[in-house]
Structures are given as C-alpha cells and as structure tokens.
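S.K.: As a plain string of letters, each chain reads:
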Amino acid sequence: DGGITQSPKYLFRKEGQNVTLSCEQNLNHDAMYWYRQDPGQGLRLIYYSQIVNDFQKGDIAEGYSVSREKKESFPLTVTSAQKNPTAFYLCASSRGQVNTEAFFGQGTRLTVV
Amino acid sequence: GDSVTQMEGPVTLSEEAFLTINCTYTATGYPSLFWYVQYPGEGLQLLLKATKADDKGSNKGFEATYRKETTSFHLEKGSVQVSDSAVYFCALSDRDNAGKSTFGDGTTLTVKP
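Here the protein sequences come in this chain order: W and S. To convert, take the position in the first sequence, counting from 1, and add 1055; that gives the numbering used here. To convert, take the position in the second sequence, counting from 1, and add 65; that gives the numbering used here.
Derived by calculation from the structure, the hints in this document are not laboratory data. One should not assume that every hint holds.
[As the list claims (entries may be wrong)] Computed spacing ranges between beta-carbons, pair by pair:
1. S/T136 / W/F1067: 39 to 45 Å
2. S/E141 / W/K1125: 40 to 46 Å
3. W/I1106 / S/Y95: 32 to 38 Å
4. S/T136 / W/N1108: 36 to 42 Å
5. S/E73 / W/T1166: 36 to 42 Å
6. S/G74 / W/K1112: 29 to 35 Å
7. W/E1070 / S/S123: 46 to 52 Å
8. W/T1075 / S/S79: 42 to 48 Å
[Claimed, not checked] Lysine-lysine pairs mimicking DSSO-like chemistry, simulated, CA-CA at most 30 Å apart:
9. W/K1064 / S/K165
10. W/K1064 / W/K1138
11. W/K1138 / S/K125
12. S/K125 / W/K1064
13. W/K1125 / S/K165
14. S/K165 / S/K177
Glycine included, C-beta positions come from ideal geometry on N, C-alpha and C.
All chains, full assembly: derive it from the sequences and hints.
M.R.: Quick look at the structure:
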C-alpha cells in the first residue's frame, strides 16, 4: 500500500539533546512538508521541500533542520535550540500541484523530559 | 498572504443533528479548497475538495461548495453520527504560494448519542 510513514510514534527527549524524526513516503510525491501541531491549535509549517536536495523554511523554522537527499525521505531534526519542542509533529507529502491534496503520516508526539 | 478562518469550536451536537462548520478564505490567486479530518492521535485525512468556483465536494455524507463570491467553503452534513466526532480543518492550496497548503485552526466536533 502506498503511504507516508512517520517514526517513532512517541519520542522522549532530554533537554539539550537533538532528536531526529523520520518521514518516508512511497507515493512518488515531489513535495514534502513538516508541520507542528500544539494542543487545540492548527498546523504550523516548519519546513518544506519541493524537490530533492532543496528545501525552504516555513513559518516556524527556528530550532529545526531538515534534509532531502532522497525523494522518499524528509527527516526533521529538532535541535537543542528549539526552546519549546514538546508537540505533535506531522509530515505530509503531495504532488506539489495546486489542485492536489496533501497526504499525512500518523504523526510523532515528542515530549521533553 | 493566504489565510483561512474557521468557525471556532468546540461544537457539540446530538446524533442525527445537522452540521455546519463555516470556513472563509483569503487568497491572492485562484485556490483549490479542501476539508481534512483528524481523529484523536492520528494525522489528517482528506475529507473532500473542490478545485474551482461552484464545484461541490462530497464524501461520506459531507458536502461543501466553493463560493467565490463569498470566499467561503462551508462544511455540511445532514445527519451526524457519533463516529463523526473529530477535528475538522479547512485548507487552501494556491498556485501563487507554490502549491503549499494553508490551514485553518481546526474545529472540534463532538457528537453525543
């Protein structure tokens, strides 16, 4: 089955540590996105990539980094510079065209302990 | 820039009641419009979409009509079920914004038996 897979589902991080969230898709989509969702709030765009080896900052990129070395993969690193990283992180992909929908993974819940 | 404004929640209805969730948008181009649904602890799933003015998207008894004159895309369902309890997001994708999606803040719907 084609889809988008995020791992792990739950992640705990100690303060001062970097952690990397995985996102893989087998939909052959060009565009991939990372969103952050806080309780009771909407989605905020962290980074997006429309093609391999290229990515752009979204609205809240500070304290995060990404890479896009393969079409299928778009990992997100939450660095120690992110002051409030506890949140639900959603990865999505799309064909990158205006009239096409985004496909979402199941999300990773990150908690700082 | 683009923006989406949704009716604030939470919304609580009895089973078989009529549902309306309002959504209005601002966009510089000619966007496509979407409704997504999110069940607890999961990612978003596409519920329906419309790609041009006067189009009606429909799925699982839900409907929404793209109204360019009022810049609206209200979600409706004639008879809700307990299983419809979820968070609903209105979104747009705009050619002038490189096809990225802009999301509303989400509306939480609870349906009671």
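S.K.: Work down the list of hints and note, for each, if the structure agrees.
M.R.: To see whether the hints hold, each was checked on the structure:
Separated by about 43 Å at the C-beta atoms, S/T136 and W/F1067 satisfy the suggested range of 39 to 45 Å. Range check, S/E141 to W/K1125: Cβ separation about 42 Å, and the 40 to 46 Å hint holds. Remark: the range hint 32 to 38 Å for W/I1106 to S/Y95 is contradicted by a beta-carbon distance near 24 Å. At about 37 Å, the CB distance of S/T136 to W/N1108 agrees with the hint of 36 to 42 Å.
As the Cβ distance of S/E73 to W/T1166 is approximately 28 Å, the hint placing it in 36 to 42 Å is violated. Distance hint for S/G74 and W/K1112: a CB-CB separation of about 30 Å, consistent with the stated range 29 to 35 Å. Separated by about 48 Å at the C-beta atoms, W/E1070 and S/S123 satisfy the suggested range of 46 to 52 Å. Here the CB-CB span from W/T1075 to S/S79 is close to 45 Å, well matched to the stated 42 to 48 Å.
This hinted pair checks out: W/K1064 and S/K165 have alpha carbons roughly 25 Å apart, not beyond 30 Å. Distance hint between W/K1064 and W/K1138 is fulfilled; the C-alpha atoms sit about 21 Å from each other, no more than 30 Å. Proposed proximity of W/K1138 and S/K125 is contradicted: the alpha carbons are some 41 Å apart, above 30 Å. As the CA atoms of S/K125 and W/K1064 are separated by approximately 28 Å, the hinted pair is consistent with the 30 Å bound.
In summary, the hint linking W/K1125 to S/K165 is supported, as the alpha carbons are separated by about 20 Å, within the 30 Å threshold. Simply put, S/K165 and S/K177 have alpha-carbon atoms about 35 Å apart, too far for the 30 Å limit, and the pair is violated.
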